[in-house]
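Student: The whole structure should be built from the sequences, with the hints applied where relevant.
Chains as they are written, first to last, in this note's numbering: chain A, 1 to 384; chain B, 1001 to 1384.
The hints are simulated quantities; they were obtained by calculation from the structure and are not laboratory data.
Since the structure is predicted, the reported quantities are computational estimates derived from the model, not experimental observations.
Ideal Cβ placement from N, Cα and C applies to all residues, glycine included.
Relax, there's no trap hidden among the hints.
Cβ-Cβ distance ranges computed for the label pairs, FRET-style:
no., chain 1, residue 1, chain 2, residue 2, range
1, B, A1238, A, T206, 52 to 60 Å
2, A, L81, B, L1112, 49 to 57 Å
3, B, R1267, A, R116, 26 to 34 Å
Computed footprint of chain A on chain B, listed as stretches where at least three residues anywhere in the stretch have a Cβ under 8 Å from a Cβ of chain A:
no., stretch
4, 1078-1091
5, 1216-1227
6, 1285-1292
7, 1298-1305
8, 1366-1374
There are 2 protein chains.
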Amino acid sequence: MSVTAAQGFLAAGIAAGIKANGNPDLALVVNSGPRLAAAGVFTSNRVKAAPVVWSEQVVKGGRVSAVILNSGGANACTGPLGFQDTHATAEKVADVLDGHSAGEVAVASTGLIGVRLPMDKLLPGVEKAAAELTGHGGEKAAIAIKTTDSVHKTAQVAKDGWTVGGMAKGAGMLAPGLATMLAVLTTDADVPAEQLDAALRAATRTTFDRVDSDGCTSTNDTVLLLASGASGVVPEAAAFVEAVREVCGDLARQLIGDAEGASKDIRIDVINAATEDEAVEVGRSIARNNLLKCALHGEDPNWGRVLSAIGTTSATFDPDRLNVAINDVWVCKNGSVGEDRELVDMRYREVRITADLAAGTESAVIWSNDLTADYVHENSAYSS
Amino acid sequence: MSVTAAQGFLAAGIAAGIKANGNPDLALVVNSGPRLAAAGVFTSNRVKAAPVVWSEQVVKGGRVSAVILNSGGANACTGPLGFQDTHATAEKVADVLDGHSAGEVAVASTGLIGVRLPMDKLLPGVEKAAAELTGHGGEKAAIAIKTTDSVHKTAQVAKDGWTVGGMAKGAGMLAPGLATMLAVLTTDADVPAEQLDAALRAATRTTFDRVDSDGCTSTNDTVLLLASGASGVVPEAAAFVEAVREVCGDLARQLIGDAEGASKDIRIDVINAATEDEAVEVGRSIARNNLLKCALHGEDPNWGRVLSAIGTTSATFDPDRLNVAINDVWVCKNGSVGEDRELVDMRYREVRITADLAAGTESAVIWSNDLTADYVHENSAYSS
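Tutor: Written as structure tokens, this is what we have:
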């Protein structure tokens, strides 16, 4: 399943020794064709890891024959030598796989920023991974890219004669400006690179892009979509976009569900906004309000903190016409006290906030998490 | 001391019963002249509490004869009835003080958003406070405006024949867009309203405005500056601005030092920026990065998280020329690994981050705090 759910793909996940604890840390995904079409979206962070700089160039050519992904080190802020390490990794993959060129090998890394990768372990790991490539290696590949993830994340949808599958990792530093963390999607549909690119951008814009667990944007975010054409089916464009969006949405929801230390998954529906951009701006402001995130952790339907978050945006609204529901109880009406807050049932993991801007007809959904002592512990007790 | 350090001011702080626990919750500051000049700066949050809307109008007239401040309730998001409560409070103050007009009485409130004030307790409290006004009541007034503050905050500077003093409250929701929380400054210098306004804006711009404890902007932020002229001294304009800035800076530093649940006070120096605005943007981005705030709580000099925060801004910089010092150890040089991070001594409460953008000659200092389990507890265990 995962990246090997679609025909025409091989994958492997192994322990190369990059992680000190001996857990799997190196994944290889190979497109065996007949087509090698690909597209990618990357972090909006201007401090980009070496593998992001490399893979952005690779994807520009519209062809990717293989993706090599490591956990245990981000290879970010490592200077020219770090970039050479990424280049050497792609060369090694091309060497061990017959008929591949380094310029068509994408590289992705995740882990601690500011530390060089142990190339003496990584390069032999590439040989080991290549030796273990199989048509059902998707699960192992998904496991090998985990960092603080408690579970591995995979998804797939089967359509009429073709399939889209994928894997993702991510449990913190989750506030993508374009994509999020590492994800590889594969399809056996016969789709050219330009159409893959359009589909991937459309899908990530309303899925990975609207996940905001902790307001922190990674240096390494990478989402790749590879098409093998092995099914021989040329899908209808809209159906293909919808399938890619479905897999991205499934994986994005899994990221939120596994966020570091979180006890609540928060769905924020901003409705009746003047524009979709304004709905997203308001949703992100609510998602990033630490005081609200603490209140929701304490199962306190503190709508005043929702209003104070909306008030810091530049979106169109009249403070006296704002309405806010928490779990469908309209606790704030016309900017003031609404239904009894005691009616809000906060016992479940999923919390739904609806912010009605009363300013138009556009809307957006942002997903976030609460702020907990466990999040503080996970991110203060050791470097990550 | 506090607001009664300058001549010409009376103050009182009493328990009106607004707070359930019986602690002091109502402060009154009266300017006995001969002048009644005043200026004010208020929250940039577009969701403004009723007392902010009221006091903005009062201050536009350039005259304030009295300020009434309550803790125990923000009177924010309370609709037209909440505004009537503020109006009634000002009328009550004008009634009990001979020769005052409600249009010259400023009102400030702080506490839980979305709850009406208990006017049956507040209005009798105004009479009680008026009866206790004295020329040394500044300390009691400072105590009465506390909410989650662990200590009351006062400051004063004495110049050649004139004085500026003040009080402030604030321990959370600290990310002023213009001012922060509640603060009242008084002076016996003879300064007209326009000059007070210029001095207050200049002073708050680099003090209260650059405090960013938790990224959350209040609905109630109010800073007032009242001049009695009682000293008869007309100070030189620059010296007056400097004195106001000194008092604001002192109070702002006290806010950070008492932030909810914090174990570290973080001073962020952004240097060599292209513009001062860009320096502030970068400083705020660093101040608001939850992962960095957790790392500093854990005494981990995690400079990668500083770079990832800088990378999300639109400031002018080249990622390969960024330098970062933590407690004066340059752990990141030219965007990559610098001096040994083991050299950084993180044992003390104050942590200093220096971010060198290598893009110009401008700079700014932002103050923040770490993110702790105690912050989560204080803001999740009960509504505030």
